[in-house]
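Chains as they are written, first to last, in our numbering: chain A, 1 to 330; chain B, 1 to 330.
Rather than coming from a laboratory, the hints here were simulated on the basis of the structure. One or more of the hints may lead you astray.
[Said to hold, decoys possible] EDC-like cross-link-like pairs, simulated, lysine to aspartate or glutamate; straight-line CA separation at most 16 Å:
| no. | chain 1 | residue 1 | chain 2 | residue 2 |
| --- | --- | --- | --- | --- |
| 1 | A | Lys144 | B | Asp243 |
| 2 | B | Lys144 | A | Glu36 |
| 3 | A | Lys144 | A | Asp243 |
| 4 | A | Lys300 | A | Glu108 |
| 5 | B | Lys300 | B | Asp243 |
| 6 | A | Lys300 | A | Glu232 |
Number of protein chains: 2
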Amino acid sequence: VGDFTERGLIDRIQRRLPKAPPWLLVGIGDDGAVVEPERNRVEVLSVDALVEGVHFDRAFVAPEAIGHRALAVNLSDLAAMGAAPRLALLSLALPGGLPIHDFDGIVEGLTGLAVRHRLHVAGGNLTRSPGPLMIDITVIGTVKRRQALTRSGARPGDDIYVSGTLGGAAAGLRMLSAMGRSGDGGSESVIQRYLYPEARVRLGLMLARNRAASAAIDLSDGLSDGAHRIAECSGVGMVIDADALPIEPDVRRWFADLGLDPVSEILAAGDDYELLFTTRPRSAGRLRPARQHGDAALTKIGICTEEPGLTLRSGGIERELRRAGYDHFR
Amino acid sequence: VGDFTERGLIDRIQRRLPKAPPWLLVGIGDDGAVVEPERNRVEVLSVDALVEGVHFDRAFVAPEAIGHRALAVNLSDLAAMGAAPRLALLSLALPGGLPIHDFDGIVEGLTGLAVRHRLHVAGGNLTRSPGPLMIDITVIGTVKRRQALTRSGARPGDDIYVSGTLGGAAAGLRMLSAMGRSGDGGSESVIQRYLYPEARVRLGLMLARNRAASAAIDLSDGLSDGAHRIAECSGVGMVIDADALPIEPDVRRWFADLGLDPVSEILAAGDDYELLFTTRPRSAGRLRPARQHGDAALTKIGICTEEPGLTLRSGGIERELRRAGYDHFR
């Protein structure tokens, strides 16, 4: 990375970090960080890696967007558990030829998002990569013990909701790949959905605080995958209404113009980082704070059933909803 | 990785893990792990990555040794902070062509060491790598607040100690590279020092419990680097006695046979994962438990001084001890 030492690169990260909070007793610069746990709360931990050539293409994703996404995917996991972000550890494997300007951009995208969510970078690791750029982030958040959202709390009769809109990230990625970094000709707002995903942290907190959700997951690997996972962990079936899926007009049009069925695409489309969650019908009123002050609109898209299996209903016709989505190893 | 799905690979990891402890409220299989913090202790967090082609060569390091080392380097950071290991998150980036047997071997090496140190794997991430194998591990340990060892507590007059012996890992790596995976002709015990480094967890705990050490660091990047870091963080100078450095006869002979000065090699040699620490002279008695029940012999190798700078003394001759060691970016 340019002609910088490890120490020099760490300095460039530290320079962008706000003052350490009082609970961070020892920060960057020792063998480990030392942290005072938060009283009366449990910790939620998650790790996610972004690998060049697997999760992004440096040819048309700017360094700031790479850094942003690397942290957003982790924040999304905290959101799905109803946890408030607290700290992160960054582990970066950097190709020798990475320009220092790109390094700074990645750090900028990452720390910018961290500051917005009051997440503190407590430590990390830098190493050289003889291959792709890799960004591995561990995040820790906190939540009251009885409020943590899991995938296993759904019951037959629960309503199924999704936040925001679906398929935007997948459509944005296709636009970018088709047209190169500039994205000319695509929809700017759709492309931004891919480049700068927003983790639904505030929504997750609101669903957890008044126990509005019985189960939750983030849609990192698409709606079909998320629905199957909640169904499996909770031991329920689901009927999902294809006609109710929230899809932006630009996204619907883009898929249709390519001769693709928008619904099929959206079932398998990852990277949206919206929340899929279930709610007891009698708790519907508890969704009001989330609707009024959450990050995104909420749409009811189906219902949990006693009968196992997932069904997709569209215009009165029902068909089995097969598991679709991205498996890195298939 | 063979023809396995992500789920299949995760199953192969879980199968090797002991029963989850009661404080692990939600383990592998949700968006995040949920953990009950330990009362009256602070948390020590560290992350370290092992990258094929940078930190190890698959041609002569067996999968079990790769998995072992990936965790050992992290445990060593906890040891240097005086923390008791608690949990780990694993993030693996796997080349498509990795045989499932090698995957199992890596997991075996890793979980075997985890079990020995009562460290629980609470979660992780698997992804494909289009390039090298990468293993990124985050560990969390706990320690009483006033007992955490840092790099910044040394004062002028403090004695400087090192655990075990030095240079074994570097010599072992040279033996292996020279002779291929079998290591024929090299010293088996020296090669094991490279392949299966032992983190000095028990020693770290003992130094922390009765506050025997005023500062500590692990020697991941060599003695010179470690000494400079403690000196810098503590604002002291150091005089180190080259003739006192604990070097195994096999190691000394191996370097000498190559026409190399053992002391110079050892100052820059990384991968030993011994602890370097300082002790107030009046606290020397507090080292007794560590000497009797710690993992390794302790050797006094120098003293901290008021005058800044590091000096190496040998046979009555003093010279400046320059900073040497491995920088991934130089």
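Hints versus structure:
no., hint, verdict
1, A:Lys144 x B:Asp243, "57 Å, violated"
2, B:Lys144 x A:Glu36, "10 Å, holds"
3, A:Lys144 x A:Asp243, "36 Å, violated"
4, A:Lys300 x A:Glu108, "36 Å, violated"
5, B:Lys300 x B:Asp243, "11 Å, holds"
6, A:Lys300 x A:Glu232, "20 Å, violated"
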